[in-house]
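Student: Residues per chain are reported as follows:
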Amino acid sequence: MPNTTYILLIVLLPLVAFVLLGLFGRKYFNRSSGIIATMLLLVSTVLAFYTAYGYFFQYGKVNGVYQKIIVFKYTWLSFSEGMSIDMGAILDPITAMMLIVVPFISLMVHIYSLSYLKGEKRFATYYAFLGLFTFSMLGLILSTNIFQMYFFWELVGVSSFLLIGFYYDKPSAVAACKKAFIVTRFADLGFLIGILILSFHAESFDFDAIVHNLSARGNSSFAPSLFGISALSWGVALVFIGGAGKSAMFPLHIWLPDAMEGPTPVSALIHAATMVVAGVFLVARLFPLFSISQPVMHLIAYIGAFSALFAAIIACTQTDIKRVLAYSTMSQIGFMMFALGVANTENSLGFTASMFHLFTHAMFKALLFLGAGAVIHFVHSNEMKDMGGLRKHLPITHITFLVACLAIAGIPPFAGFFSKEEILMAAFEHNKIVFYIAIFTSAFTAFYMFRLYFKIFWNKEAQLHGEHHGEGGFAMMLPLVILAVAACSAGFLPFGNFVSADGHPLHSELHFTFSIAPVVLAFLGIFAALWLYKNETGKSTKLANSLNGLYKAAYHKFYIDEIYIFVTQKIIFNLIAKPAAWIDKNIVDGLVNATGDGTGLVSEKIKGLQSGKVQQYAVYFLVGVIGLAALFIYLWK
Amino acid sequence: MNLLLLILIPLFTAIAILLMPGKASVRWMALIGSVVQLFASLNLYVAFKNTKGVEQFAFEQQHNWFPNWGISFHIGVDGIAVSMILLTAFVVIAGVLVSWNVEKMVKEFYFLLILLSLGAYGFFISLDLFVLFFFLEVAVIPKFLLIGIWGSGKKEYAANKLALLLMLGSALVLVGMLGTYFGTGLKTFDLIALSKSPIAHEVQKMCFPLLFVGFGIFTALFPFHTWVPDGHSSAPTAGSMFLAGISMKLGGYGCLRVATYLMPDGAKEYSHIIIVLASIAILYGAFATMMQKDFKYINAYSSVSHCGFVLLGIGMLTKTAITGAVMQMVSHGLMTALFFAVIGMIYERTHTRQVNEMGGLLKTMPFISTILFIVGLCSLGLPGLSGFAAEMTIFVGSWQNTDAFHRIATIIACMSIVVTAVYILRAIGKVAMGPVKESYEVLTDANWYEKTAAIILLVGILAIGLAPMWLSDLVTPGAEIIMQKITSVK
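Residue numbers (this note's numbering), protein chains in the order written: chain V, 1 to 637; chain E, 1 to 490.
Be a bit skeptical, because a hint or two may be false.
[As the list claims (entries may be wrong)] Derived DSBU-like pairs: lysine-lysine, alpha-carbon spacing no greater than 30 angstroms straight-line:
id	chain 1	residue 1	chain 2	residue 2
1	V	Lys-118	E	Lys-430
2	V	Lys-27	E	Lys-430
3	E	Lys-430	V	Lys-605
Calculated from the structure, these hints are not laboratory results.
With the hints as constraints, model all of the structure from the sequences given.
Tutor: Structural data, given as structure tokens:
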């Protein structure tokens with residue numbers, strides 16, 4: 001059994017960095033705050049690796065099966081008998097795997113930023129936010145309780161918000177951070193209601209208890225409820241909406257490309273490698289429950305596959321290199337998502353494949369973003385038109401970027417090949433439609449990645465203006481090299497031995513014949529990019545023109561943003577919020593004022609009665625007496 | 001602990017303020033008095049935690065007042081009251097501190113502030129309806145003067161509107177109380193005596209709506225909430241803080257302690273209406289907030305929405321939801337007080353409250369802007385800050401009702417987390433972020449008293465947000481007793 005203290009330290013050290021740098025960093029040690037944060041995270045990373053190693057090789061297995069170990073748990077807020085938010089730490093294969101990914105990528109980004117953000121005035125604030133993010137992400141992956149996960153889920157959301165809006169004086173960054181937060185919040189509404197539904201039927205928030213209680217047949221959650229769909233299906237579907245929002249699945253993806261307004265290392269950490277896969281992680285965590293509800297599994301498979309293709313098409317047309325990478329992230333997460341959707345408890349190859357791809361993707365996508373950061377650092381622009389021929393200026397970046405491109409394109413023996421083959425295999429066995437979409441998307445992936453590669457590093461020579469100081473420091477190159485090594489080697493891990501849906505080792509072999517088609521398609525994509533973009537020939541413009549309508553639609557991201565703006569501005573603002581404010585001011589408050597004015601008016605009218613003239617009072621008296629007399633006579637009769 | 005201390009400390013502070021010679025000594029006197037009161041309140045919390053074997057109310061004492069009419073000076077506290085007293089103590093200190101630069105009629109200003117807090121403390125400890133009503137009025141009158149004299153904008157209109165609507169609330173409460181007094185035939189105003197004998201169904205049916213609406217007006221019950229935006233926006237900073245942080249809680253506490261506790265039958269009968277009104281307030285208030293341009297109006301309308309959660313929690317009639325309602329009162333009190341304090345600090349410097357006219361304050365006022373971020377995030381229910389724990393308790397408690405009506409109301413309430421995010425981020429984005437305005441380059445950050453006030457309230461917010469269990473444990477037994485009465489009704 002692992003020791004509680006050091007698991008706690010893994011999570012708390014980044015929090016210490018946040019509090020320390022957030023409170024005192026800017027005033028007292030702005031310059032050295034990067035080193036302090038990196039050192040703290042290094043300790044945390046070492047402990048996390050040690051824990052993962054211990055889990056996988058020492059105590060995790062009992063009779064050949066990986067166990068779920070609750071390391072510790074204490075009640076944070078109790079609602080009623082059995083219903084409480086517990087803060088705890090769980091160790092199981094997917095958490096242990098994430099314990100490698102999250103601190104490792106975060107550490108790379110910490111090191112990289114030492115050089116990338118050098119001279120930034122709010123250096124300490126930046127590292128404080130990175131610490132907050134790392135803390136929240138670690139809390140999320142260690143969650144034992146669905147409410148604990150929601151807790152950290154919101155915290156990663158806010159750290160993402162703070163980091164996207166880091167350059168707060170740029171209006172585009174402000175708009176982007178608001179959009180990211182609000183879109184994911186909207187999805188979280190689904191997550192929250194899903195939690196309420198599931199926990200009500202399970203009578204607990206505990207992951208284990210939820211899975212255990214709800215998978216027992218005859219449970220109340222199986223009874224058909226609204227629209228004849230069982231409460232269980234409603235619950236998991238709503239939880240999936242939350243996951244889809246964080247993981248930028250169609251149609252909740254619109255925040256991710258804009259999120260690229262943040263500093264590039266942040267995009268690498270949050271919007272490529274870790275936070276955006278939280279949705280995949282959530283579905284994986286509740287996998288036994290999802291797999292009961294077949295309709296929801298189909299939904300996940302199709303949304304994942306569609307998002308993968310949709311994003312890949314858009315990625316082919318974008319000119320901002322970070323946006324290309326953002327859409328490629330969305331596309332790759334689509335792969336992970338549909339891999340989960342095509343898995344079930346009997347055949348969980350898709351589960352393992354999804355987690356495997358999550359793992360390898362984290363390595364090569366972080367590498368791509370950090371490489372793109374080095375390029376942006378050099379040319380001071382995100383636009384492809386300002387780049388070209390950079391291979392001579394940035395040799396290390398060039399090689400590592402190429403490695404990452406080969407990995408994401410699925411060329412053997414790079415990491416992406418192995419995980420993508422497994423995903424394709426799982427899809428092939430379960431759902432042919434998804435499989436064909438996926439294999440088609442792989443060709444696109446290779447194409448747009450190499451379009452990016454050739455446009456940056458080959459093509460016409462960039463017109464370089466002003467001062468250019470080479471490749472950035474050692475701190476920037478070291479993470480690139482380490483990640484490149486990981487992107488080359490991660491594929492050879494016998495991943496199925498470690499991570500599977502039920503803890504039993506899963507043996508999957510690569511079938512040579514099966515791999516031919518995807519690899520050939522990937523090469524076709526690369527050659528197409530080579531032919532179009534290696535040299536400035538004008539062929540690409542011609543191609544774009546010949547695809548006129550489609551190209552334009554893809555370039556404008558299929559107008560999804562415009563649809564959202566229409567719905568939010570025209571419908572919600574003009575048809576709900578404005579009338580609400582108007583009604584409140586004019587009708588509800590109008591009534592209050594009218595009551596006041598009415599009272600005033602009445603007293604104004606009748607105040608003349610109190611004139612103080614005795615004669616007048618005598619008249620009133622007389623009229624009163626006569627009136628009363630008349631009344632009495634009338635009654636008496 | 002002797003509960004009389006809680007009334008005597010502010011009373012002596014108020015008298016001492018009147019005797020003080022200069023402005024500075026008045027300020028320090030008020031500060032010292034409120035610090036002493038905070039320690040007394042913390043001491044009360046500790047003492048209350050250590051009492052064992054108390055049935056319901058601790059530290060009870062009863063003195064004859066008007067025995068012929070069944071009125072006695074009966075005081076005592078349970079967990080709910082203790083949590084309200086703690087809230088009041090925090091808000092009062094912060095309010096005294098942010099008013100440090102008030103120059104107009106300082107003595108009168110602080111006297112009224114302390115008097116208002118005296119009314120609130122008295123209200124929370126009373127166990128006799130007449131005493132409770134007495135203190136309720138003590139807490140209302142100073143507000144009229146605070147807005148009318150130290151306010152800004154259309155202050156006379158706002159002061160009148162607020163006073164009249166709150167008086168309407170008080171009048172309804174009074175009628176409801178008298179109805180109870182005569183209806184039961186017990187000829188007593190004693191809360192405990194009344195709660196022990198079942199009140200006839202007809203009496204409950206008549207008096208519950210009177211009491212609930214009466215107290216509800218204080219806590220912005222839809223459609224009687226319109227005093228909130230006007231009142232807040234015209235009040236001086238400390239006035240807004242007291243109004244939102246303390247006065248609105250008097251209503252919520254009254255709804256719970258008097259209306260629901262004494263008349264469980266009526267509560268059951270009318271709970272659907274309460275839920276409908278609360279749901280409207282939550283969502284409609286949030287949408288109305290989206291369109292506001294004045295920073296104080298934004299926070300005032302958001303208070304309508306947040307106080308809707310309090311009423312929703314009460315209307316849901318489950319132990320968890322009622323606990324959540326009380327937690328929401330404490331959380332909202334601290335959070336809104338801090339929000340108004342920050343708005344006041346910003347207004348002091350920029351001389352505008354129009355969010356569209358501001359921009360980039362994060363650069364010149366990092367401290368104030370950071371607090372604005374934190375309080376905004378608290379308002380939209382970020383975990384780790386107080387709003388999250390309270391709202392989640394209400395949601396979970398509401399979901400325990402299994403029928404479609406309660407479910408839909410809960411979902412409507414949940415939807416507000418999105419709308420809240422929209423208006424909060426819009427306001428923060430406009431005010432703190434964006435390009436810095438040139439004329440704002442010279443503005444200074446918070447002074448010592450502003451910083452102290454903000455930190456005190458922030459401590460409260462974090463104490464609930466990071467470890468809400470202590471508050472939940474404090475409140476739950478009180479909620480449980482109320483629930484026992486409700487479940488005992490057929």
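Student: Confirm or reject each hint.
Tutor: We went through each hint and held it up to the structure:
1. V/Lys-118 - E/Lys-430: holds, 28 angstroms
2. V/Lys-27 - E/Lys-430: holds, 26 angstroms
3. E/Lys-430 - V/Lys-605: violated, 49 angstroms
The structure fails hint 3 only (numbered hints given earlier).
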